[in-house]
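What follows is each chain in one-letter form.
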Amino acid sequence: MSETSARTCPNTATCSLFPRLGLRASLGVWTAFYCESKYEECARYKAARAGKPIPDLMLPNGKILRIGGERT
Amino acid sequence: MRSYWPWWTGAVGLGLLPLVYWIVLRRPFGVSGLIGRLVSVGDELSVAKENAAAPTGEALDALLAAATLEEFGREAAEGPMAVAAPLPGRPLGPRLGILDAAAFVVAMGLGGLVARLWAGRTLVLGMGDSFTRSFGSGLPALSVLLAGGVLVGAGTSLAEGCSTGHGLTGSSRLQPGSLLATACFMGAAMCVSALLGWRVGL
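These protein sequence lines map, in sequence, to chains A and B. Count along the first sequence starting at 1, add 1, and that's the number in this note's numbering. Count along the second sequence starting at 1, add 1, and that's the number in this note's numbering.
Bound conformation, chain B alone (with noise of 0.2 Å):
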């Protein structure tokens, strides 16, 4: 049984996946909206149905011209105004398909599989010794499993962004917003760990 990659060859492989994916797609790169994209498939092609039959040309012109005309009122939407000014750089790129998404979220899982067969060891079903001996097994541990998915998806939802967006992403070009976001979980993340580490004596 060969030992696992160096740790550095992960640091340097995700600190490169954020900005590869910049220069490639011209997108922030976060996991939980790509996953998030998943779990609302319904609207994800509801969408897609609606911009393929979208109207183009003069038939927009028009829909936009009496939609205007609807919300405003001829005075307003005859008036002189400003033409908003043209962003200032590259626009971004076109999100991900679907398809896109599930394909990156499939790959993830099979990048850990290939780490560990790289490393000689097996497939083992199962959240490892470390848990079983902290959670134990069966009903508890599953409890435990669900209630920490909730808290992720809860903090990811209410945060506007996962470990990937803000932590690599977001602190990559210095958001505060982010900064704070991955201060935060990465405190809490050390604070629970050296917990455990005490309680259970991992």
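With the rest of the complex left out, here is chain A (with noise of 0.2 Å):
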């Protein structure tokens, strides 16, 4: 039986910045907020239900980690 709540995005499984944030507590605020409460609003859940590529860092803002500076 699964141990995840009724509010927890059920791309959780799938989605490949999840692990990463599940690393370090300083981290754990973004699945606090989004994997598991309000993922309808997470832009990589939004990208999933439409069919489209999700860059592996862009954040549940929707902004694109990279060097020289994040990108939306």
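Treat the hints with care, as some may be off.
Reference excerpt, derived from the structure (chain B facing chain A, CB under 8 Å, subset only) [as the list claims (entries may be wrong)]:
| id | residue |
| --- | --- |
| 1 | G37 |
| 2 | S41 |
| 3 | E45 |
| 4 | P56 |
| 5 | A60 |
| 6 | L64 |
| 7 | L65 |
| 8 | A68 |
| 9 | E72 |
Rather than coming from a laboratory, the hints here were simulated on the basis of the structure. A quick note: this is a predicted structure, and the numbers were derived from the prediction, not measured. The beta-carbon is built from N, C-alpha and C at its ideal position, and this holds for glycine as well.
The two chains are supplied separately, each in an independent frame; assemble them into the complex guided by the hints.
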């Protein structure tokens, strides 16, 4: 039986960012706010629903982490 | 001219395909997803380029910390938060590459060609006698094909899966949404087929 709650994003099993955010306690705020709460607002979730490819380092707020600065 | 392979070989093949796909690649199988990747090849290549240049190690840690601070503020970012629990079971495998998806789509066509040639039939361009009797030829037939293609594409997109994704993969895993989707499109197909049989005498 799954231990995930009803509010947990259904894409956590396939999301490449979710395990990375779980590595450090300081990043837990991302999963608490998006993955385990308002996942409908997550840019990765929206892109997955639209069938679009998702950059590995695109954050739930839609910003992509890159050397030299983030990009939306 | 020989007959086609027995019907049950197709059933066995279709049944084994999502199972072997899952065992080998650790991914759910769906043809529309593979075709969708080819349709959006520009986006796929752009993301692949982005991923190849993605920061790692300490650079990534610093970027993540800065982004967390910017998004949530110092208090939330540095406050005690629970670390997300690790997921149970083995994780999914990586997505197939564009060339892999293209190879699969090409192989589907080749498989049909091999089955036809194996049965001693020649390659004929067209939709066959039944289709011609139902819809004629030329522009009307092309219009029907175009409308059918649009309906299939729109339905697949709305349902987030096609006959393989929902019918084979989802139904075999007893996913409620897939069972409902399969019942709907199989039911609709039976009704349309019966209607055509009654209307055209197929």
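Requested in this report: Determine which of the earlier numbered hints do not hold for this structure and return their numbers in increasing order.
Outcome: none
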